[in-house]
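Asker: What follows is each chain in one-letter form.
2 protein chains.
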Amino acid sequence: MTKRLLLKNLRLMGDTSADIAIESGRFLQIAPSIAPQPDDIIEDCEGALALSGLIDGHTHLDKTLWGMDWHPHAQGKSLQQMIDTERALRHELDMDAKRQSARQVALSLSQGTTAIRSHVDIDTDHGLRLFEGVAETRAHYADVMQIEIVAFPQSGMMIREGTTELMDQALSDGADIVGGLDPCGIDRDPKGQLDAVFGLAEKHGKPVDIHLHEPGEMGAFSLDLILDRTEALAMQGKITVSHAFCLGMQDHARVSDLLDRIAALDVSLATTAPASRPVPSVAACRERGIPICAGNDGIRDTWTPYGNADMLERAMLVGLRNNFRADVEVTWALDTCTVDAARIMGLKDYGLEVGNRADLVLVDVGALSEAVTLRPARRLVISAGQIVARNGQTVSKWQAA
Amino acid sequence: MTKRLLLKNLRLMGDTSADIAIESGRFLQIAPSIAPQPDDIIEDCEGALALSGLIDGHTHLDKTLWGMDWHPHAQGKSLQQMIDTERALRHELDMDAKRQSARQVALSLSQGTTAIRSHVDIDTDHGLRLFEGVAETRAHYADVMQIEIVAFPQSGMMIREGTTELMDQALSDGADIVGGLDPCGIDRDPKGQLDAVFGLAEKHGKPVDIHLHEPGEMGAFSLDLILDRTEALAMQGKITVSHAFCLGMQDHARVSDLLDRIAALDVSLATTAPASRPVPSVAACRERGIPICAGNDGIRDTWTPYGNADMLERAMLVGLRNNFRADVEVTWALDTCTVDAARIMGLKDYGLEVGNRADLVLVDVGALSEAVTLRPARRLVISAGQIVARNGQTVSKWQAA
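Same order as they appear, the protein sequences are chains U and X. For the first sequence, the positions run 1137 to 1537 when my numbering is used. For the second sequence, the positions run 1137 to 1537 when my numbering is used.
Since the hints were made in silico from the structure, they are not lab data. What you are looking at is a predicted structure, and each value in this text was computed from that prediction instead of being measured. Virtual Cβ for every residue (Gly too), placed ideally from N, Cα, C. Be careful, since some hints might not be right.
To be verified - Interface residues of chain X toward chain U, partial, derived using beta-carbon atoms under 8 Å:
hint, residue
1, P1208
2, T1440
3, P1441
Could you put together the complete structure from these sequences and hints?
Answerer: See the structure below:
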């Protein structure tokens, strides 16, 4: 049996001063003061603020170039150009999916992230190789990082014959979620793609997470098709729409109606809060009880040079994008990286409460909002009761090659 | 005479490997290898990337709460609400302008900023007190931070009688630039305010920097009035419009015409690249040769909880807002915090060239773009030849109380 870990003198989500005892990967006790026992491993937290483990609800572990030589970006900006560039560069650059996904996971641990939903490319060029690499990383980090894998048809399904069969195989081999992508914009066959996606979901009894970059009314059309199928197949609570730029369009009445339907069907949203695109309003989602999580999306990959895996930084970007200034609003931004993301990932034992999985991040700040606005190096990160990072550095056991 | 400072083994703006010798506050020599002399102070830069000193082209040194207890934000979001909240809170909180501006300057030095244009509130409630506090800070940091002060009528000019006279006094007492603010939206008298602003500029022979938050056609109307006066008074090259949200409006033909006129009159722009507002396109400005600089605006003040004074982070936000992904585009984002800002501030001896003022920042990254996307703690910051910060910490001499 592992020793009890006793965290002394921290502040729970910014307010109450408390001690926390952790045993067997769970929060054993949370109280104003807990007396040490002889065998305890004791950490003096010196008044640091404790957050629940951060969650990256939308990323691509197979895409990152982290730890490789700097890749100069020069590709075009259309979605199709970026897709094609990446598929080609995967051959030219040494983008080993196992190694690279491990690097991102290790980096994420150092930033306090303890759960990740990762889309992983499935295409007829690379087959299941990328999925297999990320699955190996998932197995390696299983003790300290909860990873969901979405079988993601990045290069299209209908326009690349054989992709649906590969996704079917990935879902049999352990992918958790059926992915999809711009059924109009990329596949030019919305009915075809969505029938295939929902067909796989029915067959495997697995949820769906669809990238929907399509803007304006085209996106709204695709979204309605997704909602139609959610309703027809009674898949309430099992569908996530990622990006959903169409929900940032100018026609507020149309957006309001779409959001009402999304809420009624218990569909979730994921956002990266991009500054250069229209986005769903986090406040409008909250008003309706729609769970909306944040994700880092690509981190230093062939699409974008940005990204550092920090979900507190992502919370800041959510806050800035949504013009959240009041402290209560900044906590809404943080919710997209914590409780809302946990709800979407179905992490039922999430949060700083006795009995829950002991995922926790300590930051040396005065207030919850300051954690988001200042984003200092994480003082301590605990995942499932294990210390996985300290002072912004992943502990040696969990570093990547 | 001070000793020569010899920086060995750095990379100039990301490319060429070089040594740099600094003497009497200037770059004395830049060469692939410089032989040490007996009295040299030598810094081994271990291949770090050298950037020219960063410039914050739009901030408010009198507003920050940095170093004070966390102030929970709860105010409304309209411009008028935020103005009124701040004016009141200045009395409730201990917002000493001298102390607080020094804190922000010291923080900025730690991040590699060596020049700042700061707007400072002038109003009939606080008189010249805030200006005087910031002026004291400017004097204290004169050796290592080039600070321009804009006499800024934050609470309005026409709606607060006596403000114009106070601005007149501030300009006589050492304020460098005449400020202005939303002549329609706040002052409800665009002709009145702009005549007063340009009147002060003529009287004192000083440039103008006007906050223009007004959106859409109202902002375009105000902008045209500004450009009319620029032309009539032959003030080409002396006018900056800050924010200019109207230049982010949907009517692209109208925006294009406005930008053409701005270029023809050699007017400059300043942006904070806010994610939640329309903004001028940096690329569209570059195409026309319009200088556009970036600024942090308020840093942890009564308006916003965000901000850390890091101009590399601001460059990232400019990049994200403008959807800059290619390496060359990321350097455009950096230009808004370096060369374009220097041009707007009229810093003629700016940049990593022999004879120029020795302002330089070292970062341990592989590429210029990585400086923006990773934003590591600054390895070394040199201002006018002095080492002012190391490893992200301001040296003790220049720390603030």
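Asker: Against each hint, give a clear statement of whether it holds in the structure.
Answerer: Here's how the hints hold up against the structure:
Interface restraint check: P1208/X against chain U, minimum CB-CB distance 5 Å, threshold 8 Å, status holds. Of the supplied interface hints, the one on T1440/X holds, with its beta-carbon coming within about 6 Å of a beta-carbon of chain U, less than 8 Å. Proximity of P1441/X to chain U holds as hinted, the smallest CB-CB distance being about 5 Å (cut-off 8 Å).
This entry satisfies every hint, going by the numbered hints stated previously.
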